Amino acid sequence: MPAALLAALLALLLIVIAAPAASAHEERPVTFPDGSGSVPVYRTGEPDLLVCKTDRDAFERRIAAFPEQLKQRNLALFARCQKSGYRHLQAAVDAVKRPGMNIAILPGLYEEEPSLPKPTGACASLKAPNSSLGYQILSYAQQSQCPHNQNLVAILGKKNLQIEGTGATRLDVVVDAKYQKLNAIRADESDGVYFRNFTAQRTTFNSLYVLAGDGFVIDDVLTRWNDEYGFLTFASDHGLYKNCESYGNGDSGIYPGSASNINDGRGYDVPRYSIEITGCRSHHNMVGYSGTAGDSVWVHDNEFDQNMGGASMDSAFPGHPGLPQNHARFERNLIHDNNADYYPYVADGTCAKPPVERGYERGVVCPQISMPPGTGIITAGGNWNLYENNWVYGHKRAAFYLNAVPAFIRGEKAWAKQTDTSHHNRYAGNVLGKDKQGTSRPNGMDVTWDGQGKGNCWQDGPDGSSPGTLPLCGDERGDLSGGSDRLVGEPVKLAQLLICSDYNVQARRLPSGCDWYGARGVERVETQIALAVAAVLLLVGGVLWWRRLRKSRLGTLATLLGLVGLVLDVAGSTMPLASTPVPAAALLCLGLWWVGAGLALRGTRPWLARLTLLLGALTLLDAFDKAVLMVPWVPVSPAWVRTLVAVVWVLWAMIASAGRPGTAAGSDEDAGDDLPGSETPDGDQDHALVGGPRGEDAKTPGPGPAPTDGTRTGTRPATGTDTRPGSGPGSGPGSDSGSQEATS
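Heads up: the sequence shown runs through residues -24 to -1, 1 to 720, numbered per mature numbering (1 follows the signal peptide of the UniProt record, and there is no 0).
Hints are computed from structural coordinates only; laboratory data are not their basis.
This structure is a prediction, so every number in the text was calculated from the model and none was measured.
Treat the hints loosely; a few may be bogus.
Claimed, not checked - Cut-off 30 Å, straight-line C-alpha distance, at most; resulting in silico cross-link-like pairs (BS3-like, lysine-lysine): (1) 218 / 412; (2) 103 / 47; (3) 94 / 389; (4) 29 / 103; (5) 135 / 103; (6) 154 / 59; (7) 329 / 389; (8) 218 / 29; (9) 154 / 94; (10) 218 / 59; (11) 430 / 372; (12) 410 / 389; (13) 154 / 329.
As the list claims (entries may be wrong) - Pair by pair, the computed Cβ-Cβ distance ranges are: (14) 608 / 496: 18 to 28 Å; (15) 610 / 387: 26 to 36 Å; (16) 461 / 522: 42 to 52 Å; (17) 32 / 219: 48 to 58 Å.
C-beta: ideal position from N, C-alpha, C; glycine also.
Turn these sequences into a full structure, and let the hints steer you where they fit.
This is how it looks when you write it as structure tokens:
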């Protein structure tokens, strides 16, 4: 459609010219570990170093409800700590002098007061680039020189260090940054670190950060109330998250970003995964799990719920080693009811306040990037991902969302890489629209996909999809039916994605026209495009019918089908009907309109008729592609070709409709539109002259000599029985024997 094409081309042009310089997480350049490490094992021996506060009464109140054995152990550790322990976690970390030491943190609130003051002296004037959020991107040497410029607790270069809370639950030990540091705890190049049984909270970036580590475990730790992430592990290998929890974060609760890219170039079968995440719950965040370059991550037996989105993988942000994202494996997870909408906090200015005033502790979340609320799993430019045997239910938008991301978005300009995402993602064996007890909890739709990529496949589902037909997964990984290999997604979906991506929390910019941010009905860009298409085609098609087709039964019937198709096209663009057969039915009606109109035009506008028939055939092919089986072996969707042809057709039809409908017979305008023998019975004018009406509106022919054989005249051939004056062929005044209209 013309409007769809213009919108899509404008979208692509704007992306190429002004791709957003967004970055989910900006860090110094890092490389992956060499992979020689291993997942650390929990050590049960007595701690080497202790951390506690001095108020015994407050301590005894904290442990009063502990089981007796645990209470006695904590009392003994407290007595020991008063003699030889530390009052702040950072002091104990600084005292670590060899690998393999254990630090025990006794129940209490740790605000790390010595780490809180703002930088002074040389640390206040470090030379380093600024991130898009304004913080400095410091080198490892600068982090070592000034560890508390950004970190409440800095663990730098320590090996095989174990830090454990000694409380009954993870809430008994709390490390609180009070929104005064980027990170509550940062473990940088600290292989083998093990965190267990405590809470970290309230930062301007993330609570627990593991960077460039070969071997780490996050065990029974809670993170909450952060501008960006709860847990962030980056450029790391041999990692394990287990029994963790995170909530109240502006990006994700769990973020294994740039996990070691150990399976690059492999298929579905891999020797191992770099990071395992199990037994965790991430809820009431923008998204439960995110994985920009989340490569080779095994995510199983977790719960992601009450977020805007359940989990996301992407290749959309530059500066992350390991792009494009690949080889995540999700199985046996509960992904449900991710329908939160936190964008109103951006719109009303809540998120423009200082973090301490926003109300994170009361449930406020400030979404940091664009996210389609009501979605289970979002994959924006990932490859070779497996989503199997999960429970995905209760989402207002969709269970699964897949779209491609061109390589230049992540900063790679090579043409060969521009279509290297959204390939070989397998969605199979999941339980959709039902909880574990079998209760019906439908999703808005099963799948929304932009159509780009090869080797992707899905399972059959109960709640429909967009497009209406999808490649289906076989029993074995790699098997599929109805596959496609397309270089670019659907035009309207590309336009929608561009508009929705133009979000900025700092600027309080929520794109209008995008239903992610509350647009409904005619406010949505998809519906606006459909209305624009309908307006153009209604005008052009209506004029064409009035000037050229209204005396044709076939043309009139076809035009009525076109009208029905336009109505269905607008209806099918709405959220409730997008995953139903309505969009395909709209294409079917429109295709039949153009086919019928093309047949009706053959005798008078043969070249326009051919173009109209071509457009009709392409539209019917598009309907087949979206409702029955995706057409294989084509690099783009039929929608793109159909849209290009439709632009030409609209212009041609406008020109063809501009001629005078009542042109005199025998004039240069319409002479020759009727071929001998083309006369039809009254009321049946499918092959009659459409340039103007016959009979009373035509000039009455006058007497004149009969034409010789083969002479073409401006009137119909005589029947040989009419004796009225002037009934002979070609005898009318002004007739031009042998004239021929230049048909369009």
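Hints, one by one, checked against the model:
1. 218 / 412: holds (22 Å)
2. 103 / 47: violated (49 Å)
3. 94 / 389: violated (41 Å)
4. 29 / 103: Since the Cα atoms of residue 29 and residue 103 sit roughly 37 Å apart, the hinted pair is violated (cutoff 30 Å).
5. 135 / 103: holds (29 Å)
6. 154 / 59: Holds, at roughly 29 Å.
7. 329 / 389: Roughly 38 Å separates the two Cα atoms, so the pair is violated.
8. 218 / 29: holds (28 Å)
9. 154 / 94: holds (14 Å)
10. 218 / 59: violated (34 Å)
11. 430 / 372: Holds: residue 430 and residue 372 sit about 27 Å apart, inside 30 Å.
12. 410 / 389: At roughly 44 Å apart (the allowed maximum being 30 Å), residue 389 and residue 410 break the hint.
13. 154 / 329: holds (15 Å)
14. 608 / 496: 18 to 28 Å: With Cβ atoms ~37 Å apart, the hint is violated.
15. 610 / 387: 26 to 36 Å: Holds - the Cβ-Cβ distance for residue 610 and residue 387, about 30 Å, lies within 26 to 36 Å.
16. 461 / 522: 42 to 52 Å: Check passed, 44 Å falls within 42 to 52 Å.
17. 32 / 219: 48 to 58 Å: violated (31 Å)
Of the numbered hints given earlier, the model fails hints 2, 3, 4, 7, 10, 12, 14 and 17; all others are met.
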